[in-house]
Structures are given as C-alpha cells and as structure tokens.
Amino acid sequence: MLPARFDYHRPETIDEALALLDQYGENGKVLAGGQSLIPLMKLRFASPGHVIDINRIVGLAGIEESGGWLRLGSLTRHNQVVDSEVVRGRYPVMATAAPLISDPIVRNLGTVGGSLAHADPAGDWGSVMLALGAEVVVRSSSTTRTVQIGDFLRDTFTTSLEPNELLTEVRVPAPAAGSGGTYLKLERKVGDFATVGVAVQLSVDDGHIRSAGIALTAVGSMNLRAREAEDSLAGAEPTDEAFATAGRLAAATAQPASDLRGSAEYKRHVVEVFVRRGLSRALELARAS
Amino acid sequence: MQITVTVNGTKRTADVEPRLLLVHLIREVFGLTGTHVGCDTTSCGACTVLLDGVPVKSCTLFGVQADGRSITTVEGLARNGQLHPVQAAFKEEHGLQCGFCTPGMMLTGAALLDRNPNPSVDEIRWAISGNICRCTGYMNIVKAIQHAAEAQRAAAKAPAAVAAGGGQ
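Protein chains in written order, with the working numbering: chain A, 1 to 289; chain B, 290 to 457.
Just chain B, with the same shape it has in the complex:
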C-alpha cells in the first residue's frame, strides 16, 4: 500500500505491507534508528513517537495508520542545530545512563510540556509512567523535564519582557 507520512516535517512516501508496524516503518524504511524497539509488547515506551503531536507506542500501531499524518521522532526534536530544551536538559541533568529509553522519555517529556508548561513533579512522574527506565531510577529524568520546563518558560518570557519596554 502506498502511503505518505510527514516525518519530522518532511513528506516521505513508501510502499508497505499493511502489517508493517509503525516502528519498523520508521527504523527500516525511513532509516531513523533513534526510535528503539524495547519490549515489543506495548509496555516499555522505548518506541514512543509523536503522532500529530500525541505520544503513541509505535510498536502498537501499523505504519499504514500514519498515512496522511505527521510523525515526530527523536531525530526531529533538535531544530536548526539547536537541541530541543528537553534534550539540553537531559544532557545537563544527566537524565540518561544507557540511553535506551531516552528517545521515548524525551518525546513524552516534550509532549507533556506542550500541554502543561509548568508541571509538578507528580504530573511529570504520571506523564512518564508509560516509559520504563532501568538505569536512572527516574530521579534525573524528572529533574531534566523540570529543568526543560523552566528553560522553556524563561525563553517564552524573555522576548515579552523586551516588548514590554524592559530593555535596559
């Protein structure tokens, strides 16, 4: 079946079997291996990508279901050579050790901050409860998402202050 998917802002077409899972479409057809296959049973969240901005487990969706829709993978988080605030914060706060869960964690974190720019620790823990990390004990992942939230809020405020005549 012929499908067209917008992947990280670029339209891609492919001719695929309907039974091809989205995660394999992304990794093997589009060649984007940042999306990891972990448990392959909808449990671990390593394969999380954003479908029209919403986190989904790409091992539990057929690639054909993404036809005509937009996918964001970890490769699409950085823009113009600038790390996404969530990526920068994971680096800053040591939000990873082995890195296997990290793409899914960062996409879930980024989607959370889109919905809720100022989440509490509980809200962060709740949001990432479908993503499993076996190294960090989650402490630094939560810190990283908090850090990213602060950075995003500061960035959003800065131009407003200038516009309000705060330039000194």
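Just chain A, same shape as in the assembly:
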C-alpha cells in the first residue's frame, strides 16, 4: 500500500514544529509514533500534503513526577511507560494499561500523546486519562493552554486541537494516599483493538470512597466517562453492593455497537463485570497503598 505524496518536514524544536503548523494548518499533519497515522495514510483515509515529523525534537519524550503531577512528554512511547518505575509504583491504572496496548513492537514507537490526539474510541489512553482526571498541555506559536482530558476528547477521531496546535504534555494528578486503580481489557488476541476496556481509579478514606474515576474503551463513539457510576460511589462505603450498582450504571452509560468482536449485549455485560472487578482490585490497591 502506497500513501499519497506529501512533503516531509523534520523540525528539531517545538518552535520549528509550531511554525510549520502555522504555515500548513489543515494540510499539515503531525507524525509522532505513526502507528495509527501511517496505516491511515496507507489506506488513504488520510492524505496530508505536509507531514511534520516530531520524532527528533529533544525533550518531548520522558516521564517525571514533580509538583504534584506526573508529567509525560507527548512523545513518550508506550514502552517507556511500561518500563517506568514511578508509573509502576504509583500509577497502577497506567501500569496495567500500557502493556496491553497493541503489541510489544508497536509499543516501541507508538506514543501517549499521539494516541490521545488520534482520539480513537478504541484507544486505551483516553479512558486511562479520563479515569485519572488528567489534563493535556497544548501549544501553538502564540498560546499555551491546559485542557482537561474530558474537554480535549470531543468525538470519534476528534479533539479540541486546532490545526496549528501541538499536544506537548500530559499531566496526571499525583494520587492521594489511599488510592488505587487498574485497567481491564478484553481483546481477541495481542495487537487487536479492545473489544471492551475499562479504566478504574479509586480513592478511599476512613472506610468511605472519596472519589472514583471510571472510563470505558471501545463501547461508544469515543472514550466514555461513566459519570453516573462515579457519582454513585462518591461518599459511599466500598461494598460489593456499591460496586455492583456502579457496574450496572456504567453498563447503562456504554453505547456499544454489535460487530465482529461481539454483540452489543455481550459488550455491555463485559462493562458491568469489568467495572465490578476493577473496583475490587482498585480497592485492594488503595488499602495497600
């Protein structure tokens, strides 16, 4: 498969990349890991006139925890998250999700920022970041803005990024004591998109739930936050009954479509089971933290 012709640009700094985006706007496309963009270009679903390869920009990849945030450069590869000790130690939702993204070779190139900017409803990072209440830093040549992930993800393959903007950083709030989380993913085989994915983050205090973050993958037109389920848990005791109720509410939020991976009914059921299981696991981790 041969992509359509394009001009290739390889900026070495963020400012150079932003200047190129100013110049080419709608006709320019940022190439990060390329593990979604290049397949789309090969199928000619995407045929940008200008490809702006940000892979050589120094300082755009990396993970550090500072000032109450875990900061991930947008060019951080999935496998860098897999290998990150701080993620393994304190961010179990991310630590369980990262190794389930595509396959090990794709994870060497695919990036966290690229995945979020691509906004595939079957993308795993969108749900993880929704459950964690993350925000993203978005820059243009004239402005820098911070956007809640829930406002960033708009619809299928659609974000609030303007054509001249670049996603530069993902910020995850550092977990309070008594927090835990996990990501559950059903897939037919390694490398397939999720049939269903569920991200859960739970924070407990004195026998009550302080807050819960629950988000769903591949059961709607975008990553869905299960708000009713979250609200039902806030302030409640973390009991099996409360988790079962949250599972039912999340299943009601899901809008799955029947396809070759399963019927809508089946996927809805998996959401219910995964939310219940995820909350139990998150509680174990929260109590151990």
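If you're looking for bench data, these hints aren't it; they were derived computationally from the structure. The hints are all genuine.
Derived contacts from chain A toward chain B, CB cut-off under 10 Å, selection only:
(1) A4
(2) R10
(3) I38
(4) N79
(5) P99
(6) P104
What follows is a set of in silico ranges between Cβ atoms, one per label pair, in the way DEER data are often shown:
(7) A/A177 - B/V326: 51 to 61 Å
(8) B/C424 - A/F45: 24 to 34 Å
(9) B/R358 - A/G62: 14 to 24 Å
Below, a list of computed lysine to aspartate or glutamate pairs in the EDC-like style, where the Cα atoms sit at most 16 Å apart:
(10) A/K42 - B/E306
(11) A/K42 - B/D329
(12) B/K432 - B/E412
(13) B/K300 - B/E364
(14) B/K432 - B/E382
(15) B/K432 - B/D411
Cβ atoms here follow ideal geometry from the backbone N, Cα and C, with glycine treated the same way.
With chain A fixed as given, assemble chain B onto it according to the hints.
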C-alpha cells in the same frame, strides 16, 4: 529527499520519496530481501527490523525517518561468517518451517536477549507476541530463543572463567 542510513554497519545513501515505506527502502532500494512484507498492516511482524537496536515494524515507518539512524536486518545478524546465536539456535531447534516469519522472529529474539539475557518462557512469549507464525505453533521458536540465551550466557562466561584463573 537525500537520506543516509547505516544498514548493517554500512552507510548507504539514497534519494527517495518521503512516502516510501522503510520496508520498501530496505528491499527495493538497498536490495536486502530478507526483510519480508507480510500483512502490510502492522499486525504480523514479518517486516520487523531493528532501528538503533529497537524492534520496529518497517511497514509502518517511512524510510526518511531512518535518515541518520542505524538499521539492522536479518542479513546483519551473522558476523564474520558466524551465525548469530539466535540464528544458530533456530537451526538447532527447528525454529522454522516455511521461514516467512523467521527474520522478524530472530530480530525480535536478538533484541530481547540484548535487554534480558535470561528470559523466562513467559517473557519470550510476551516479547514475540507481535510476531505471527502460522507454521510452528511457536513451541520451537520459544525453545530456540531459550537455547540462544543459554549459548550467549555460556559464551559470556567462558572468557571470564579463564581470566579468573580457571584454565586447567
């Protein structure tokens, strides 16, 4: 666009269209046909090569992205007429039947052993989970990578034993 890529240790230059995929740069411009085109959809891993030592699927990367970087293909595994331990082990353990997935499997295996000289069976299976084999059922591929790991560890130990005064 003019690019320079170090391929199996040798600098090669080429003038290519940006849309040329790395796998076609390797096969058609550099003439190294050991890298196979399988699914052409980032799924099968037959086109796996090492980019600066890291396995990537060369059907999902533009050749221009390799400009100034190093590529290792299956042709670069053997050194001075000596098979790489992973190649020798695939031969020894019958790690292939049709051979189509083999270049990708061996490069992924070699990269795994660089990172982890003593992988468990689970770690091997995990590492090759992005490479699909439709003949062997993976059993002998896993055995081959284990065998290569043992051979590499033995080779690494041997000179150390001599240096430690173990020569008898």
